[in-house]
Structures are given as C-alpha cells and as structure tokens.
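Number of protein chains: 2
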Amino acid sequence: MTYARRFAVLSCLTLSFACFALVATADEGMWTFDNFPAKQVQQKFGWAPDKPWLDRVQAAAVRLTGGCSASFVSPDGLVLTNHHCVATCVQNLSTASQDYIANGFVTQNREEERLCPGQQAEVVTSITDVTPRVQTAIGKKTGAELAKARDAETAAIETESCTDKEKERCQVVTLYGGGQYKLYRYRKYSDVRLVWAPEQQAAFFGGDPDNFNFPRYNLDAAFLRVYENGKPASTPQFLKWNPRAPQAGEPTFVVGNPGSTQRLFTEAQFDFRRDNYFPVLVPLASEYRGRLLAEMDDDAEKTRTGNDRLHSVENSYKVFIGQWQALRDDEFRGRLTKAERDLRAKVKGNAEIGDPWTEIEKAVASFSTYFTEYFILEERPGWRTDLYMYARELVRSAIERDKQPADRLPAYAESRLPLLEKQITDEKPTYPWLEEMTMAFWLSKTRELLTADDPRVKDLLGKDSPEQLAKSVVAGTKLADANVRKELWNGGLKAVQASQDPMIQFALAVEKHARPLLDRYRAEYDGPATVAQAKLAKARFAAFGESVYPDATFSLRISYGAVEGWKERGKDVPFATNFTGLFERATGAFPYDLAAKIAAAEDKIDKSTTYNFVTTNDIIGGNSGSPVIARDGSVLGAAFDGNIHSLGGAYGFDQRMNRTIVVSSAAVQEALEKIYIAPALIKELNDTPITKP
Amino acid sequence: MTYARRFAVLSCLTLSFACFALVATADEGMWTFDNFPAKQVQQKFGWAPDKPWLDRVQAAAVRLTGGCSASFVSPDGLVLTNHHCVATCVQNLSTASQDYIANGFVTQNREEERLCPGQQAEVVTSITDVTPRVQTAIGKKTGAELAKARDAETAAIETESCTDKEKERCQVVTLYGGGQYKLYRYRKYSDVRLVWAPEQQAAFFGGDPDNFNFPRYNLDAAFLRVYENGKPASTPQFLKWNPRAPQAGEPTFVVGNPGSTQRLFTEAQFDFRRDNYFPVLVPLASEYRGRLLAEMDDDAEKTRTGNDRLHSVENSYKVFIGQWQALRDDEFRGRLTKAERDLRAKVKGNAEIGDPWTEIEKAVASFSTYFTEYFILEERPGWRTDLYMYARELVRSAIERDKQPADRLPAYAESRLPLLEKQITDEKPTYPWLEEMTMAFWLSKTRELLTADDPRVKDLLGKDSPEQLAKSVVAGTKLADANVRKELWNGGLKAVQASQDPMIQFALAVEKHARPLLDRYRAEYDGPATVAQAKLAKARFAAFGESVYPDATFSLRISYGAVEGWKERGKDVPFATNFTGLFERATGAFPYDLAAKIAAAEDKIDKSTTYNFVTTNDIIGGNSGSPVIARDGSVLGAAFDGNIHSLGGAYGFDQRMNRTIVVSSAAVQEALEKIYIAPALIKELNDTPITKP
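Protein chains in written order, with my numbering: chain L, 12 to 704; chain X, 12 to 704.
Just so you know, the hints here were simulated from the structure itself, not pulled from any lab data. Treat the hints with care, as some may be off.
Identical copies carry no separate label here, and so any pair may be met within one copy or between two of them.
Calculated cross-link-like contacts (lysine-lysine; reagent style DSS-like; alpha-carbon spacing at most 30 Å) [as the list claims (entries may be wrong)]: (1) K433 / K497; (2) K469 / K578; (3) K313 / K482; (4) K578 / K456; (5) K578 / K373; (6) K433 / K505; (7) K618 / K489; (8) K482 / K497; (9) K474 / K685; (10) K482 / K608; (11) K313 / K456; (12) K582 / K469; (13) K497 / K178; (14) K349 / K373; (15) K489 / K456; (16) K505 / K469; (17) K329 / K456; (18) K618 / K251; (19) K176 / K439; (20) K474 / K615.
Here the structure is a predicted model, which is why all the values come from computation and not from measurement.
With these hints in hand, go ahead and build the complete structure from the sequences.
Pasting the structure below:
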C-alpha cells in the first residue's frame, strides 16, 4: 500500500530477500543491538555505550510502517522523525482549500493533532533467537518445498508469540542469509497523529537537484504523537532533546531501521542488477517521472495532489541511478570482486560450504530468462498505484487467507494481516487523474515489454488501448471508498470473486498471470538462493568470526560514527551548514525559493544556528528519521539523507566519502521558536534537563 | 536541423565517426558499389549483377538529406520512399484545419504537388579514391593536429571538386576507419515536392508497439518528385515499378544509405556504449518521451503538432533499447569478443600494426571522464529542439565561417554550407509548446547531470528555474521567422554577436561552455582513435584480404539477400503478410485502428495482395525508403524497417534472425487503385513495361 519513499524502504527487488554476514571496517556497519561492536567503538572513542545505554536507546527507538525510523522525545508519546516521513500523511490531510504541504501544519495543543491514515508506530520490546526451530523445519528440503517450510515455520512462530493483536506485533527477521532467524517482538501503536510539519519548501529546499547533496539546508523534521485509548501514550523511555550545535569529531550513534542492503551479493547477483535489473527499471521510472512532471506542470491542483508521488518517484530515481553507477564504477566494483575472491580463497576445500557461488549463478541465470515478466506483472503491478494496489492486495490476501496458515505466502501470514488490513481499510484520498495516468502508463509498458502479441497482454487489454482500459477501470471502481474496501476485506475470497468492481476483476485477471511467475521465482530462485546464502553466511563466519554484521532488513540497528566533513575533488566539505547559507542559496525560483514563513522570519532567526550537518555513520534508506544520538544519549538531530556517495552504500561502505545528513535539533528548536511559534511543543521538548556531554 | 528519424541516420554518438573493415559471412554486408561481392552472390544465386546492372541501379538511387534513402521510379523525377521519411514534410504542410498526417495527401496532377521544406535529394554521379592525398596531409601528425589536417584536406578536396554549387555536392567519405577516403560526387535536387502520402495510420498501423516487429501491416510508402527550374526533373535512369508478389527465396538487392554501424568497435568501445553511453542516453530519452506523451494526451492540437517528434523519439528509443540489449547479451557480445581475440592473434607481432586496441582503450577511458558534460552540452544541446538548433547552428556556423577554411570544423567546410543554409533558412512551422517543453526538459537535465553547483549551470540558468528560462527564451525569440534566420545567416558573426534575440544569446552562452569539450574530444579522442582505427583497418586487410566491407556511413551501399522468413522461439514466421491480416489485427483502438480510407475501401481491396514482406538483406537506419530490387532490376517494394533482431545489427549481423521489412509495390499499387484513387500516379508508375524475372 505504501510507495517507496525517500530513504524509506527502497524496493530493491525481492532478489534481496536474504542477507549476508558483513565484515566491518572503520565506522562501517548497521549492527544489531545484540551484537554491538563495543570493542571497535572503545578503540575509536576511548569509550563505548554500555548495556543500560543501549537498552534505553532501544526502548526509545520507533519504527514507522511507511518505511521510516523515529524516536520518542518526550514522556507523552511525542515522536521525532523527518518531514518526508510524514509527507504522505500531510498530503492525505490536505484539501484544495487547506494545503498543509504548502503551508505547513502547526498545532498549539493536543486537540489539534490529527490521525495519519495507515500509519503505525512500533517499538522493539524483545529479540529472541529462533534459528534452531526454523533450520529444523527446513531440514534438507530444496526449491519450493524449502521456501514453503521456512515461511510456514516463521509464520507459526509469529502467530504463537504475539497473542495480543491489539498491542503486539511479532516478526521473524532473517539475518545473515538464513544463518540466523530472530524473533523481534514489537509494542505497536495504531493511532499515530500529526503534531507538527513545516512547509515542504522548508523541509525540501533545493528539491530534487539538491537531494542527496551537501551542503544542504533542509528543515526535514516533523513530530508525531502516538496515542493509546484516545490519549497520548505514556513513553517513559525517551531520548532527551538537545538543541545544541554538534561538535567536530564528536561521536554520533544512529539508531533506526535501515531498509535493505546487498553488500554481499555474489558477482552473479551484482551483474544481474547492473545488466538486467537497472536497465529495465531505470528507463521505466524515468518515463513515469516525465509523464508525471508534464501532467503536473501548470496545473495547481495536480501539482498539489501529485506532490507526494512525484517526490517519491524522483527520490527513488536518484537512488537507482546512484546504486547503478556504483555497480558500473570499475574501482568500486573491483573492491566487491576482490572481496568475493578473498572469501572463496579462504574457504576453499571446505566441504560443508561447497560452491554456493555457482548455485547462485545458476539461480540468477534462470531468473534472468523471465525477469522482465516477473518485474512488470508481479514486482510492479499497476506501477503500484493506490487503487490497483488495494485491488491486488484484496485479491491476493483473500486467496491466501483462504488457505491453511502453513500454505500461505509469507506476506499473508496471520501475524502480518492486522497491518495489511489497516493499510487497506484506513480512509485516505485517492486522485483519479493520478490513478488513471499511472494505470495507463503501466498497461502501455506491460504491452511494450511483453509485446502486443503476448497472450497475457491480449487477455488483459482485450480490444482496449491502455488508455481506454485505464480510464474505464478507474472510473468504474468503487475502491476509493474505504467502506467498500472493508466489505471486501471482510467478505474474503467469495466476496472478491463475486465482485463486479472492474478494478477487482482486473486484479483477478492479473493475478492469474502473475501467480505462475511468483511460484517459479520461489521455486527456482528463492529456494536455491536461501540454501546457497546460508552456506555463504557460514563461509563468512568461518573466515571472519564475530566481526560481521548482517545486511539491512528494515529491522532495528545501531551504527556509530562521528561528526565529520569529507574531501570532494580535493576540496574540503565542511561538516555543517547554518541559516546564513540558506538565505544565500535562495534564488527565488523553485526549488530554490524560501518557504514563506522562513522568509517572513528572516530578521528574527539567529542565522549562525547549525542547520544541517554530516556524520560518518553508515546508514541506508529506511534510516530516515533516525535519531542522531550524542554520547550522553541526547538527540542532536534526525538523519534525513545520505550524500551522493552514500547511494553506493547499498553494496559497499566507503568511509572516506559516505556521509549521513542530519537536520539539527538546534535548527528545529530555532524554527519552533522563531518561525512556527509553537510554545507548547518547545516546552514539552525542553522540560527535561539535558546532561551536558 | 533534422531529428533522428525512424530508420533515418540514428544518432550513434560521434564516437562512431570512423568505421572498420568487416569480414562478411552469408548475406552480411553493406557493400560499396566499387567493391561489390560478385563472387559470393554468384555462389548463392548462380547469378550476379554485372557492371551495367550496378551502374543503372546506382544512377536511380536517391539519398534524402533528412536521413533516408529512395529511388527514381519514373523518367519524370518521381521518387519512391517511405511515409516516415516524408512525415516531417507532411506535418510541415499541415495546419490545424488541414491535417495531412491524419488524412493523407493525395494529388491528382503535378500542380498539386507541394515543396518539402529543408528537403534535398542527391544522386551519386561518381566515386573517386582520394586516400593518398588525405594520408599525405595527415603524415605523422597526432591528436588535435591530426584531426585538423585531415578535416582541412577533406574540405579542400570537396571545395575544389564541386564547382557548380547549385547542382553538385561533394563529400569525402571515410571508409575502413581511415583505411580509405573516397570522394562521392552527387547531383543534387533542392526542390523536392510531396506527391502522395497515405494517412499515417495506414503507414504506421500498430504504431510503436508493432515497430520493429513482424508480421506487419504498414503502408509505409510515399512519393516525392524532384524539380529543376520549376519543372519535374528528367530522370531517365529509373527503376521499373513491379507490383507483383515477392516469391519465397528470390534474390533481393537493397540499395541505399545505411547510416551508421559500429561492427568493429573494439571491446573498450563496446563497453563504453554498454556502461556509459546507453545508461545516460536511455533514461533521458525515456523521460522526454514520458513528458511528450503526457503533454499530447487529450490535446488534439498538441497531438497533431507533436506527432512527428513523438514518432522520432519512440523510434529512436526502441533502437537504443535494442542495441543496448544486444551489447548486454552474453552470446551476442561473446561473438564480438571472439572476433577481436581472433584478429589480435592473427596480427600478433606485426610491428606496423602494433597495439591499436590499447590506444583506443586509453582514448575511451579519457573520454569517459567528461562524457556526460560532452553529451548534454555538445552532443545533445537543447535536446536538439528546432529553435535552439537554429540558434546553435547560426552561432557555430558564424564562428566557423569567420575562420580560414583549413581551420574550420568539418561540419562547416565550404562544401557543407549550402545544405546547412537551406536547412536553417527554409520556412517551416515551429510549435512553441513543444519548443518550450523541450528546452525546459534539457535545462533541467543539464542541471541534474552537472549539478546545480556547476559553474556552467549557474552561468546558463542565473536565478531562473529551467522552466522560467525556457519560457522566456522561447517567448522572446524571433527565430521562428525564416527571414530573421536568413538575416542572421547573411550577417555572419557580427550580426550574431550583436543580436538581442534571447535564443541567440543563450546559444552563445552554451557555445562558450561546449567548445572546450569539443576541442578536448577532438584532441583526446578523435585524433588518437583515427590513428588507431587506421591501424585496425590495416590489421583486418592483412588478416582477411578483400572480403571486407566498411562500416555504414550514410553513403551509398548495396546489400544482397533473399525473400525469407525466420524461426522465432521454434515457430516459423512466414515471409509475407496480406490485407486479410490487417483487418484481422485491427481492434479499433489506437494504434490498432484502421485508417479511415482503408476501412472505407475494405470491400474493394483484394485482400490476398501481399502487404509487407521480409528479406535477409543486411540494412540499418538510413536505409529507410531503399528500393528492394529484383534480379531484373525492378522494384518489389521499399524497405521501411528491420525486425527486432536487426537492432543488434549496429554491432553484428545474425543471418538466422535479422530481417529487413518491406512494404510491397503490390500493396502500394492496390492502395493507389482502390483506396486513394490516384490514376495519374498509377499510369506514371506502370507506363514502362516490366520484364518478368
């Protein structure tokens, strides 16, 4: 239901289901809380967090189901995150006459706080090792049988472990490519309300051209609040607000949920991404972006309603380009190649490990032959437009819920249904023009990629053109109405199959063609890759011992680093910007025009206040909104981006160049005081005294 | 001034200036008329064309300066080509009230024939070897000096050799990568008029989805007429019109001007295309296509005026995708790699040849470091939109014409100026919305690729956004007026520099930033590559003797082949379609809706008439409109496309799969008789009796 968002979980293709053990160098690593690299940190800073420090931080760390991270910053459920993590909510709450994206959303008291549709906040309460149980279930199975056994056992563990469906969520996280399975138990909050969001032009000054760049001047911060029984939840474990300037070299810890990395893909998998995946994905994303830009151009209402989609599209696009470039860079790629060669050499002759590289190569080669079909029909059906995704999820969840739990696809395990139901049935606006153009785009690309003579294309289009079909299903569907969706959800498979809704009927037709591709993928790629990747994990543990961290999986991690600039083409990039720089960079022309409220407050603002700053922490999409924590456990700001070099971080970390970009607590404080005038919020944030570092 | 058109000269990047000697297998080869492979043809068919046959055909072969091929088919200057080769002309002659693209253009007599703006037709009258002269001028020079000496000598030869500027054009063609330089002398016709064009929906039924596919049902044919002194030119050397069905296996000869192939690029050059060139070009082309589609959607006038651009963009896009896929295909690429390895082995130790592969690798590596800048500022400035290209050519030609002939860039040699002047100063419509959106696109991509902080971007944009600047230069320029362009052309550098026209001023600013990149390219890539490629040509001659043909250079070639289908995924694709198939494929929804005139004539049409057919001839973009000639020298149709496999033909020919797609003379005859009712044209075409084969 949700789109890949800036620094949200980037859709890295299901190839990357599994993960690997990674050997960390320098500040590298997105560490699990139960394997914190205390030795390395001690070595670097002469000090390291202890268990109570880590426990306190873990209890204050929040995951947002839209694909972001966040943290509690008051005992009353107040949550700090990024503006771009709440932009969908801000847009959903807006109307043509009250546009909070353009004007910002400021509350003076709790009564004014408003529910964010589909949003859920989650806090880890425990982590348990369930590896033996899952591995026993897998046994010696292979292919589709293996995937099924693994998913069934995982689902069973999740269902057994979380009995309070209102307040709990259980998730088995696959780490080290199946080397470990861990049960993460979460306290969940389904009532999440918007407290404060600046104008988007304040949060995203410089827009797409400045995205992933630095120096930067973005007030990319926002506050939410979690509620319980209609009242602000009590959150005694929170991080202290610290609106001071960060100091050069001081230690920083980023706590959040990095979405997905593929740092220990094999050569075959890297090649696949470079030569198959991106060459199909990027041109499509590019054309969609072009269509969207042209549709929105000179149309104020489309500009308003398409805003959220456009940002998501442009952000993803830049991520794709950056990742792809890294894989085409000889030096960068050479390091990856060398790492594989080294590992192979170290475990040569180890019979238990064998040759997982060739196993993966074969699985990739087979996947390549039907990748395009899989991509367009299964991975990006309807180009994930809202109404289509409602239909697709209603259809697929109905089919899966009709099966025994052990037979279901993992995304429809009993433990996953409550969030899915919430995402499908929460009320939120849809925009017919956007739905129609997106569907028309996807249909025309489906025809282009599969050809007009493909029987599936003929079945889906019939005698219609993509444009005609898009128009008729969007005009005819009632799925924009949350009540209709609720009825279908509750009615299950019978209701779905009997539905006369044209979008549901269309989604049923697509399902018919997509399902064989998914089955094939699970049997021929996912199964073999799971076996091979578990062997690779073993190989890495054998070669490197404990000094490894798993690939990112949108589960809770901590990374350490320091406030530090870098050298760009021989020139030093200073570690921080301030408000003076913002006013200097403003040209008046979008996206370099100042937000109205900032422009109006120019004389009041202390322009020497630190605005954004960078650190060496190792993060990735999904970390957006993560608290950046000082040694004393206080919040110096919220991570909202990486620099352009960080995009290659999906595949490898380069400490010389990769930087995390942070909006400082100092800038947020200055904004709340001088620009947005939110005294209650300032009081709440600053009520607890700060321990100086 | 002209855009890459379907099967027109595809813009293959200036990397491909030079060409290579190719070793032909089977029906492979785009042969020069002075090295016709009579032996191979004799072997295949037990017969081969003799000198008089070749001379007759050469004299009837026409090159269209828009990037197409054609042939005389009557003694009165009547020219057969493709609809898509005249589509720009048809569009230029159309207005909102009289849309010849939608309705077709049919004349009943010569008075109704109308001038095509910017069009020139050319016929080769002689080919002379000038290799010794050019090689003497080059001597031992290197880098920029080499490029300059070569271009100066070439320009001098052209200027000396064609003294009648009204009727003649001289062009020195570089063959075999500088292994040969040949002077082609042309009789030129500057007054070219449109005689007949069907509706575009007849010519391009199936549109983009069916483009490069087969079975196919396209009436992609048109007639032009060349005039002299206001009267139809006398063209006694013409090809006989032959409206019969082609026979399975019969020999076919395609005569035309294949635009550009890169079949003997080195590995470094192939890698560059795969990893640098297409990954930059394709996403940009894709976004532009998306913007254009969205702008035209639901807007009848934009759909009309943007039609020509959209077709050109979509066609190029499919070509890029096809070429790129070929380079990413392991098997296809493996053949290229093997060919290089074999050649290296054969000439190993030959001191005269040395190691040109490494020389090219170095030149490519250097080019890679500034390729993106070069591409956006020099190779695709203004995304080649009409008004910007007027400005750019007025600016650059003024600068170059101000120099001594020996110092000019080759595109501005004295011999090239008449056509350039015609293209700049001929009257033709421009569409402000299209100009503005294209400029805005290019400016925003320039900022994206170079970053907002690049000094050149800052200089070009100032405080404007791309959209603001595009709007102001397009609204402010007077270059849409041909008289203004004429004045500037005549006024030369002084007039250009003094011009207050915002588009001229903007083009001057771009020139300032583009020129250093061009200079660098000529010195560091073009110069070294010319030396290395001449060595590679020597290597190939040494290894393979005479059985080689040069890469395509949009100069006259002949290829031989036969009428023959192919096997696609185990299934036979028959070699021809007929009108029955057209009516069966029509769905009524664009682009599968029938042209109105065809639908209206359904009952009259003999549906068994051959519509399109395929042959094994080796062709490439630029061959569009080429006559497909039977053994007796008559015209069986006009080549208008290749199948999807032919797109890899840029890099290698695969006779099992590559096919030329032809619109049959039989279909054209049927259409003129039953659908478009053009008795005078039928009479003119059929007046000369046909010799049966």
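Hints that the structure is at odds with (numbers, increasing): 7
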